[in-house]
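Visitor: As they're listed, the protein sequences go chains A and B.
If you want my numbering, it's the 1-based position in the first sequence plus 119.
If you want my numbering, it's the 1-based position in the second sequence plus 154.
Certain hints may be false.
[Claimed, not checked] Which chain A residues stay away from chain B? Per the calculated CB distances, all over 10 Å, these:
1) P245
2) N314
3) G321
[Said to hold, decoys possible] Where chain A lies over chain B, by a calculated footprint (3+ residues, C-beta under 8 Å):
4) 233-241
5) 419-431
Read the hints as simulated data drawn from the structure, not as lab findings.
Yeah, the Cβ is synthetic: ideal placement off N, Cα and C, and Gly gets one too.
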Amino acid sequence: MSAVLRNPKLWIALLCLLPLGRLIALGLGGGLGANPIEFITRSTGTWTLVGLLVTLSVTPLRRLTGRADLIRYRRMLGLFTFFYASLHFVTYIWLDQFFDPAAIARDIVKRPFITVGFSAFVLLIPLAVTSTHAMMRRLGRRWQHLHRLVYAIALLGVIHYLWLVKKDLTEPLLYGGALALLLVLRLPWGVAALNAASTRWGRQAAGRKPDGVKPAG
Amino acid sequence: MLIRLPTDIAPSEITPPEIYRDRRRFMQGMGALAAGAAFGIGPDARAAGAKLAGVRDSAYRLTEASTPYKDVTTYNNFYEFGTGKSDPARQAGSLKTRPWTVAVEGEVRRPQAWDIDALLKLAPLEERVYRMRCVEGWSMVIPWVGYPLNELIRRAEPTGNAKYVEFVTLNDPRQMPGLRSRVLDWPYTEGLRLDEAMHPLTLLAVGLYGEVLPNQNGAPIRLVVPWKYGFKSAKSIVKIRFVEKQPVSSWTAAAPAEYGFYSNVNPQVDHPRWSQAKERRIGEFRKRDTLMFNGYGDQVASLYRGMDLKKLF
Chain A
120 MSAVLRNPKL WIALLCLLPL GRLIALGLGG GLGANPIEFI TRSTGTWTLV GLLVTLSVTP
180 LRRLTGRADL IRYRRMLGLF TFFYASLHFV TYIWLDQFFD PAAIARDIVK RPFITVGFSA
240 FVLLIPLAVT STHAMMRRLG RRWQHLHRLV YAIALLGVIH YLWLVKKDLT EPLLYGGALA
300 LLLVLRLPWG VAALNAASTR WGRQAAGRKP DGVKPAG
Chain B
155 MLIRLPTDIA PSEITPPEIY RDRRRFMQGM GALAAGAAFG IGPDARAAGA KLAGVRDSAY
215 RLTEASTPYK DVTTYNNFYE FGTGKSDPAR QAGSLKTRPW TVAVEGEVRR PQAWDIDALL
275 KLAPLEERVY RMRCVEGWSM VIPWVGYPLN ELIRRAEPTG NAKYVEFVTL NDPRQMPGLR
335 SRVLDWPYTE GLRLDEAMHP LTLLAVGLYG EVLPNQNGAP IRLVVPWKYG FKSAKSIVKI
395 RFVEKQPVSS WTAAAPAEYG FYSNVNPQVD HPRWSQAKER RIGEFRKRDT LMFNGYGDQV
455 ASLYRGMDLK KLF
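Just chain A, with the same shape it has in the complex (with noise of 0.2 Å):
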């Protein structure tokens, strides 16, 4: 039992729960607003933006930190992404749409925001279906290929985030900044600059030395 309590996993995973957590409870006190359905989908659009942010931070984190083992969590973290992208989802064809295939089909052609968010979502179904070790193992490097989709998912997602506000870009923007920093700490100069931090980090605490700083993802 208290080697499950140690696990992290556990905690990440009840972190990540806490959004829906929040949702239900404010659904069961009243505490939704006038606009009860506008403020599911806003939230779970939200979290899924986050969940997307937080699962790319990882890799950085990793080089940042030389603590390779954070590669273990970023199954989940994505995983729970594509949860609250489906609940973002069902919200949209069930609570906006009421399964109306003519009026989804002819909202997700004529409006860009729409187009845009669907589209990120489906190409985020086989992330979660290649996510399984013996997917990873079968695909081989085609799975590396394959996960790098979730570079223009991130981008789709906040294009649909700002395509869809009526003026105040405040918010997507600063999801966008997020996303430019996390992908540019991808580029050659971005990875160089996370290794010299991590170097400069390991000597100053001394004794831990950064274990493993090979570049990944």
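Let chain A serve as the given structure and place chain B on it in line with the hints.
Guide: Below, chain B alone, put in the same frame as chain A:
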């Protein structure tokens, strides 16, 4: 997912508005007493929530249920107090509605700076229950209190040059924290064609649910044009100007392809980024079909005869 269908709510669970308001008044009364005790002043009859006296009934009623007071006063678009829906209710307390002057000027024979209290007595107040459709795809039913704008226009005596009316909202960053961010070109400006402004449906509202207008709903005086998207109904008005040329409204200036001058509610003309065919009535689960001119076609369609409403959206 715990979203209640309207039918889930037993009639006994719904607080009748009179009782709801009585409770609110009781609480406010207690608050006012406490404040009065602290500062040596009595309750302010002009404050939001105070009952408006002498409000007449009108023929403008709907069979549709009114949106609860709480939703009408906590779910608002009023960017002068922030762009979030709950920002205005939280931040509009800093708005001072007295003293307040509304300048009536431009192409009129009788320009006048109206003191708000004189303006309140200009014509008998009546209650009108109107649908309110936001351009974002949600709607409410609101019992406004006010009088037709044409009462004011007639007293101003527009000249032959007056073709349009421009409405300007207060622009004071000390009272309106949202003005510090440049989401729109301040001051908030809206406009109507003179015949639209003269239309008997066009209301100058000073209250809702029989009470003084809460700040977040556009106190002390606002426009209500029920057949147009909500943003056409300028709030907290300080200037009404009669002009010859079509005014450029703030939303049109911000995104001319998305918000036209007319902005009549029209299910057939989509916003470029979302459909206008349906709407979510606040408090309801399923979406409703949006009605042409928000259901006021019989009264206003003639204003637009011969106009291509797809082009002049």
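Visitor: Compare the structure with each hint and give your call.
Guide: Outcome of the hint check:
| no. | hint | verdict |
| --- | --- | --- |
| 1 | P245 | 28 Å, holds |
| 2 | N314 | 39 Å, holds |
| 3 | G321 | 43 Å, holds |
| 4 | 233-241 | holds (count 4) |
| 5 | 419-431 | holds (count 4) |
Checked against the numbered hints listed earlier, the structure breaks none of them; every hint is satisfied.
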